[in-house]
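Model the full assembly from the supplied sequences, consistent with the hints where possible.
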Amino acid sequence: MLSWSGTEQGLEVNLENVQNTTGGVDVSFARELVDFATAATEFDLVALTKARNNLINVAGLAVAIDASAVIANFEMMTRLADSTGARMQTEVVQDRLAVATAMGVDKVISRR
Amino acid sequence: MRVSISDVRADLIFAHEQAWSALSQPGTWWSGAQKRELAQTALLAVSESEPSPPWVAVSTVADKNLKIHFASSAAHDAVYRIARHAATLTSDWYQRTTQEIEPLAFIELCGIVCTVATISAFRRALDLGLPELAPATLGEPSRIKPANVVDATLNWVPVIAPADENAAVVQAFTAVPETNRVIWAMADAQYIPDKEMVDPHWTRGTLSRVQMELVATRVSQQRECFY
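Sequence order for the protein chains is A and B.
Numbering-wise, this note's numbering comes out as the position in the first sequence, counting from 1, plus 776.
Numbering-wise, this note's numbering comes out as the position in the second sequence, counting from 1, plus 103.
Read the hints as simulated data drawn from the structure, not as lab findings.
Everything numeric in this text was worked out from a predicted model, so none of it was measured.
Among these hints, one or two may not hold up.
[Said to hold, decoys possible] Short derived list, chain A residues pointing at chain B, Cβ under 7 Å: (1) 817; (2) 852; (3) 855.
[Said to hold, decoys possible] Some chain A residues judged to face chain B by a derived CB distance under 8 Å, without partners named: (4) 814; (5) 816; (6) 825; (7) 828; (8) 845.
[Claimed, not checked] As a list, the in silico SDA-like pairs of lysine to any residue whose alpha-carbon atoms are at most 25 Å apart: (9) 826(A) with 106(B); (10) 826(A) with 151(B); (11) 826(A) with 231(B); (12) 826(A) with 838(A); (13) 826(A) with 150(B); (14) 826(A) with 325(B); (15) 826(A) with 246(B); (16) 826(A) with 301(B).
Glycine included, each C-beta is placed from N, C-alpha and C at the ideal position.
As structure tokens, then:
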């Protein structure tokens, strides 16, 4: 979805960089968004406060709130997918393997 | 900078309030007391800095002080595992778990975990305190099973027929319609309304679609979700 939405908007998306928290996307506030999403999924409250304040400072409160909503949504969807054994059709997995490999998700433990 | 709940969009507050209050109300397969108790275990799982490892049944860990009065130990163990170690779940685990928890009740249980995980994540990200769970509402679960529940290829869990015509995540909860409704009402408010999913330019005026997908991708990576 990230690759697709970027392409549709004429943006270069470096998927390898997403996992390095450097953003990897030539869009506004990419670094701050990735840092916020990372901190929100970990247990360092100091880092989370810093990342939230950085995002609010550069992008505004409404963006931080909507970013929090997207984070929350994928805390939900990842559990929905993993607990119900959700899988993609084989041909879809094959089509997307290059993307998955670039992002390192071909090695995650939930691959099935 | 302090964030206030009054800064949050009304549609998002409404979706969360509806889902949060449902955690204490009789559902399709679980009573209000059972749901509330399982939600408390899910809250523990997502908030512990030193969780039990995935191979340990949390109900056997004395110092967790779980409240196990209404739902079975197996249900609490499943809730904890899904809430904290979802990426470690396997088909064998699902098969063992659904020998003790009926598959449709398992789906509703997953919905309880999803509700707790998403609302607690939102509140934590913005340093907003979590509301208390409401006292359990008395009453029996409806136990209404849709007529057209079938096995799926793209999920472990059964779904409403026809199976596998929609994405696995979309069909996953369909066999428990109320759980499905609550979860997707939150998804509409948190992420993208269903009818807008195909539009790469859709935005609420804050995050662009590619910014949303960047955040979504990072969270999915952090949770090691292959899907």
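Against the structure, the hints come out as follows:
1. 817: holds (4 Å)
2. 852: holds (4 Å)
3. 855: Holds. Min distance 5 Å.
4. 814: holds (6 Å)
5. 816: holds (4 Å)
6. 825: holds (7 Å)
7. 828: holds (7 Å)
8. 845: holds (4 Å)
9. 826(A) with 106(B): Holds. Residue 826(A) to residue 106(B) sits at ~13 Å (cutoff 25 Å).
10. 826(A) with 151(B): holds (21 Å)
11. 826(A) with 231(B): OK: residue 826(A) and residue 231(B) at ~15 Å, within 25 Å.
12. 826(A) with 838(A): holds (17 Å)
13. 826(A) with 150(B): Holds - the C-alpha atoms of residue 150(B) and residue 826(A) are around 19 Å apart, at most 25 Å.
14. 826(A) with 325(B): holds (19 Å)
15. 826(A) with 246(B): Answer violated: residue 826(A) to residue 246(B) is near 47 Å, above 25 Å.
16. 826(A) with 301(B): Violated, because 34 Å separates the two Cα atoms, which is more than 25 Å.
Violated hints, in rising order: 15 and 16; the structure is consistent with all others.
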